[in-house]
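2 protein chains.
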Amino acid sequence: MGMTQATAPAINDLTARHRERLDGALTALATRDYWSAFPESPSPRVYGETAAADGDKAFRAHLDADFPLDQPGTNGRVAPERSPYGVELNIRYPHADPQALLRAALDALPAWRDAGPDERVGVCLEILDRLHQRVFELAYAVQFTTGQAFVMAFQAGGAHALDRALEAIAAAYRAMTDVPRNAHWTKPAGKGDPLRMTKTFQVVPRGVALVVGCNTFPTWNSWPGLFASLATGNPVIVKPHPGAVLPLAITVAVAREVLAEAGHSPDLVALTAEDRGEGLASVLATDPRVRLVDYTGSTEYGDWLEAHARQATVFTEKAGVNTVLVDSTDDFAGMCRNLAFSLTLYSGQMCTTPQTILVPAGGIATDAGHKTFEEVSRGVADAVAALTADDARAVELTGAIVNDAVLERVNSARSLGTVLLDSRVLHHPNFADAVARTPLVVLLDADAEAAYGAEWFGPIAFIVPTVDTARSIAILRDITSAKGALTSLVYSTDNKVIDEVTRAALDVGVHLSINLTGGVFVNQSAAFSDFHATGANPAANASLTDGAFVTNRFRIVQSRSHSTTP
Amino acid sequence: MGMTQATAPAINDLTARHRERLDGALTALATRDYWSAFPESPSPRVYGETAAADGDKAFRAHLDADFPLDQPGTNGRVAPERSPYGVELNIRYPHADPQALLRAALDALPAWRDAGPDERVGVCLEILDRLHQRVFELAYAVQFTTGQAFVMAFQAGGAHALDRALEAIAAAYRAMTDVPRNAHWTKPAGKGDPLRMTKTFQVVPRGVALVVGCNTFPTWNSWPGLFASLATGNPVIVKPHPGAVLPLAITVAVAREVLAEAGHSPDLVALTAEDRGEGLASVLATDPRVRLVDYTGSTEYGDWLEAHARQATVFTEKAGVNTVLVDSTDDFAGMCRNLAFSLTLYSGQMCTTPQTILVPAGGIATDAGHKTFEEVSRGVADAVAALTADDARAVELTGAIVNDAVLERVNSARSLGTVLLDSRVLHHPNFADAVARTPLVVLLDADAEAAYGAEWFGPIAFIVPTVDTARSIAILRDITSAKGALTSLVYSTDNKVIDEVTRAALDVGVHLSINLTGGVFVNQSAAFSDFHATGANPAANASLTDGAFVTNRFRIVQSRSHSTTP
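Which chain is which? The protein sequence lines are A and B, in order.
full-length UniProt numbering puts the first residue of the first sequence at 1, with every later residue one more than the last.
full-length UniProt numbering puts the first residue of the second sequence at 1, with every later residue one more than the last.
No wet-lab data here; the hints were simulated from the structure.
Hints may contain errors.
Because identical chains share one entry, a pair is satisfied inside a single copy or across any pair of copies.
To be verified - Derived EDC-like pairs (lysine to aspartate or glutamate); straight-line CA-CA distance at most 16 Å:
1) Lys187 with Glu40
2) Lys187 with Asp33
3) Lys483 with Asp507
4) Lys483 with Asp303
5) Lys496 with Asp468
6) Lys483 with Glu300
Okay, chain A solo, but in the shape it has when bound:
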């Protein structure tokens, strides 16, 4: 009895080569202390003197060219991207026949399944290593498709995304190896010979996995699902957002290259680039062969996927309304600076950016004495203004606006209340056509919940006076329960208030940051330590990376037979 095990020496090398990194990730997951496998600084001291220039060159080689991707079923080319920096892209991707990709994926499944967890994880870690070798190219690809500023694109789109991918692979590995590959079962039988069985447990994948990427974080948000599915044995079809194809096209190219080198079918990972409006995600997500879907994007489409992709397990990260509750602070200036940075970073185009800031109408106690509501809201608005005063420095924080809908939303938001700080046009020193804006800060009445209780994605923040902190807590509960949230943040020097907000956060299922006044920001989460989303409120049904994110990507199939030897 036995299962055919593919034996490819090169793969064993890959597993061994990356063993230390995997062990580091597993240890980090168990302790949740700081750990990182991929340096986040793009400094030449870390990556070498020519790394940035080489990456830039590699990125530019893609422009106005056919993207090289040798996969089945290509019917012409599509070039759907438009850069928020105004850079002409015209990168032409294969326009794939999804039926051909599905067939090729299923053909490749059995051998990949039988390769086993160690071999698959070794291949996945090698893919990460190759992606890391191209991290500057990826950073530029992220920057010029999403509008992120370069440093953020390098970190969130490169190093941190690699860490998040590694985290997902490690979590999948842990889940798969919770079950031993073989067991000997010996049951005592009184005075007679014991009953003896030999048992084999094999991880089997669910089927074809679909990853639906988003426009703003094509790598950070897509890689965890992609690698969790691949590591657990599922072929993966990547459907990028038409606005941010290149980072995922590079990802797929690298994955296919490594798979082929390691003796596996490259068709285990494929790209389905599409023109805007084609609706390929809906076709693929409802195909009976697709059994896993990972999605990041709008609540509307995420809800549609959950309702219609019934044959699949669907992991969604949708939108929410992130609330900040200001009760009191022992560092007023630090609070304002910290909030201003969070509001400004990538022009508020992060699912984790705070939006609705609740402040008691009677003002708050601070280290600088009592501050009136007006002083608090002025403090936040002024801190944003100071942070964005210089255009050349501001754009390195704000990046560019990802699409016109965000601009229109900023315009609409102006008329919702009293503008405390208007959004203004930023002129990028290097990209004349870049569309960049500073955050808009609007004062809303407490009864304007229809406005501040809804998501206004983009550089838009609301400051709302409330009767008192108890009322602020009630509003945080209501908004988060109804609309969901990725993050919440409280400022208070009163442990009783902290306890009450902590309890509210548990009740409505949202992660809580407390009194952030320094170099940690509510919109950032650290791989191996911070969970991203909870899966416990309407903003997401999954979390990066908890057990539920990986365990449903595979099943265990067992065989057993009598054994004469112990």
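The hints should help you fit chain B onto chain A, whose structure is shown.
Using the frame of chain A, we list chain B on its own:
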């Protein structure tokens, strides 16, 4: 900052008291060798001279009486059970208002959540201990509601069910404790002070859990979901099958007693007994407050739950068609005896009972020389006849027929093909009104796939001649893919055939037993070692007990704040 932790010394005692048992279960899960916490022998040498009589007395005290259960919202009484043994039951259960139970459950949730994994698991293990103290009473309750024979009711309904419950609790504990309760996060910051954060991670439940029991295995099939949900912080409402209420009523009573003693709300576990046809499961399963559903029963209703209980994560074990593939054997007599026992046990009323036996029309090689197809099918039928020849001994294997639908099905199956062994009435020596039958064995043509490819739940087996083993493998694949299966079984002396069937089992996602000729039967699975169902074919979407069975019953909610000390 901090979460209120309930501190109840008694609970810490419970956790400590059961620590050794929990550790044993965790070790067993990691090795999957034989392990059991609850002795399976009802012998007086194990349980004491008076245990059986005491249990019988306790069981009889329930008859023709109001079942004592002090829970909210009771509107009168229901007594829906009818014993397959013809024993007058008339046990009157509270007829609960589901709205009152849901409200009470949600009220009890926050304190149970905040009690934490160790305390919750300690309480769950204490409940198992108390159930074990009443294991004879439970065995009689299972016997006289389900129709199981006593020894089976004691084992499958008592000791083994306790082991399966313990397995689920241990798996939940492992999943919850994969994430540390607290972490210190220290990120180096060049020459400056490192960034330091203190982080807290709390397990939060999904909401109210619903357990929908079945008529045949009210404890074995319901306890894993019940205890997995409860251990992870979810209040549980138990909706028993109207035919098998008592075992779950005792379960709920014991759980409420332990919860109250430990200082928790007894409303964390409640019973909703109903009259036949009330449809309470559908009302509860689609309530927005219900976020977890565990179900065992028909495919039709399981599919309905999966389609309609959209707000919940639904774990189903439905029906399938279990196939036996006979290719060759080195122990013909052992094979026939083993199969006969599997077909006879509990009159084939197990979801794991084999139904469709595929044999090459040209016969097979055996240790006793070549056997024609007729000799093989005769061998199996004769072994069943021999096993059931003596009524008094037969009923200790067959038990009684759970309901009239099974009897009608036996009658219908007779006309499907050639009857090799007719089902006959068994007279129970102690229960004159017991409805007991021997298995029916029918020869079907290979083209009668509409018959042998569908589920015929009950004491009904089909033997089907196939062109050859390759064709048998194809049929196994087709049936299992289309209808699902809980088990599959192959007999072959040819390693190549074993490999091919193993591959088929992996492809269609069904557990495989190989060459069972001794004291292990395909319809039995051992807790801590054998998985029950795969979740990878239409017979079930979940498996007892893999990671996916427990990880989706909770989420992690995190809080973080700056820290000045490492």
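Quick rundown of the hints versus the structure:
1. Lys187 with Glu40: between (53 Å within a copy, 12 Å between copies)
2. Lys187 with Asp33: between (42 Å within a copy, 8 Å between copies)
3. Lys483 with Asp507: Result: close within a single copy only, 14 Å intra versus 41 Å inter.
4. Lys483 with Asp303: within (12 Å within a copy, 30 Å between copies)
5. Lys496 with Asp468: within (14 Å within a copy, 75 Å between copies)
6. Lys483 with Glu300: within (12 Å within a copy, 34 Å between copies)
Checked against the numbered hints above, the structure violates none of them.
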